[in-house]
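Q: Sequence:
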Amino acid sequence: MTTGAPRSRPALVTAAVVLWLLVSAAQLIGSTLVIGRTAAQYGPWSVAGYVIGLGLIGFVAFGAIRLARGSGRARFWLAVLAAFGLLNAVVPPYGLTTAERVAAAVAGVLPYLPPARAWFPPRPARAPKAQQPRVVGWDPETGEPIRASE
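Take the sequence shown: its letters are residues 3 to 152, numbered as in my numbering.
Because the hints were derived from the structure by calculation, they are not lab data. If you're wondering where the values come from, they're calculated on a predicted model, not measured in any experiment. Where hints are given, some of them may not hold.
Claimed, not checked - Between beta-carbon pairs, the in silico distance windows are:
hint : residue 1 : residue 2 : range
1    : Asn90     : Val53     : 13 to 21 Å
2    : Val111    : Val36     : 24 to 32 Å
3    : Ala50     : Thr144    : 50 to 58 Å
4    : Gln133    : Pro46     : 53 to 61 Å
5    : Ala50     : Val93     : 21 to 29 Å
6    : Leu56     : Val20     : 17 to 25 Å
7    : Ile67     : Thr99     : 17 to 25 Å
8    : Ala129    : Tyr96     : 18 to 26 Å
9    : Pro126    : Pro95     : 40 to 48 Å
10   : Gly72     : Val36     : 32 to 40 Å
11   : Gly74     : Ala13     : 41 to 49 Å
12   : Arg125    : Ser151    : 41 to 49 Å
13   : Arg136    : Val93     : 18 to 26 Å
The beta carbon of each residue, even a glycine, is placed where N, CA and C say it ideally should be.
When you get a sec, could you build the whole thing from the sequences and use the hints?
A: Structure representation (structure tokens):
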């Protein structure tokens, strides 16, 4: 039975949100610094990839905010992005991007640790669908199915 009192967010979830926002800020700063130089050197169409990257950074920041509110879907999608980032972290050259991806991987794991799981609501149980009677034929005039119980 719930008392209606607001729950406090676990420290692991708060740490994950802060890590996600720090990684997003670092990537946003890095992308905006490179965008002007790239456009000047290669033309305006060369920044299309950076615009898509900025959209992905916005998606991560939005997911971090939703994670702070207890969204299970945000937790899942951020973990998926963290897994892709960790796979990409082993590719040279190593440096700041590797540190960002490792931090994102840590942030993707933190909400799945046992002390943080209670913050996220359980998935609703699926109700079984009513079994339809099996189709034994088709009405030649209307094309509707003829079911066994009819």
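Q: Now look at each hint and say whether the structure bears it out.
A: Taking the hints in turn, this is what the structure says about them:
Checked against the given bound of 13 to 21 Å, the beta carbons of asparagine 90 and valine 53, roughly 20 Å apart, stay inside it. Against the hinted window of 24 to 32 Å, the Cβ-Cβ separation of valine 111 and valine 36 comes to about 29 Å, which satisfies the hint. Between alanine 50 and threonine 144, the C-beta spacing of about 52 Å keeps the proposed range 50 to 58 Å intact. Distance hint check: the CB atoms of glutamine 133 and proline 46 are about 59 Å apart, consistent with the given range 53 to 61 Å.
Roughly 22 Å separates the CB atoms of alanine 50 and valine 93, a value that falls within the hinted 21 to 29 Å. Under the hint 17 to 25 Å, the C-beta atoms of leucine 56 and valine 20, about 21 Å apart, fit the expected range. Between isoleucine 67 and threonine 99 the beta carbons are some 23 Å apart, a value that agrees with the proposed interval 17 to 25 Å. Separated by about 50 Å at the C-beta atoms, alanine 129 and tyrosine 96 break the suggested range of 18 to 26 Å.
Range check, proline 126 to proline 95: Cβ separation about 46 Å, and the 40 to 48 Å hint holds. For the hinted restraint 32 to 40 Å between glycine 72 and valine 36, the CB-CB distance of approximately 35 Å keeps it satisfied. Checked against the hint of 41 to 49 Å, the pair glycine 74 and alanine 13 fails, with Cβ atoms roughly 19 Å apart. The given range of 41 to 49 Å is broken by arginine 125 and serine 151, whose C-beta atoms sit roughly 34 Å from each other.
Taking 18 to 26 Å as the suggested C-beta distance range, the pair arginine 136 and valine 93 does not conform, at roughly 54 Å.
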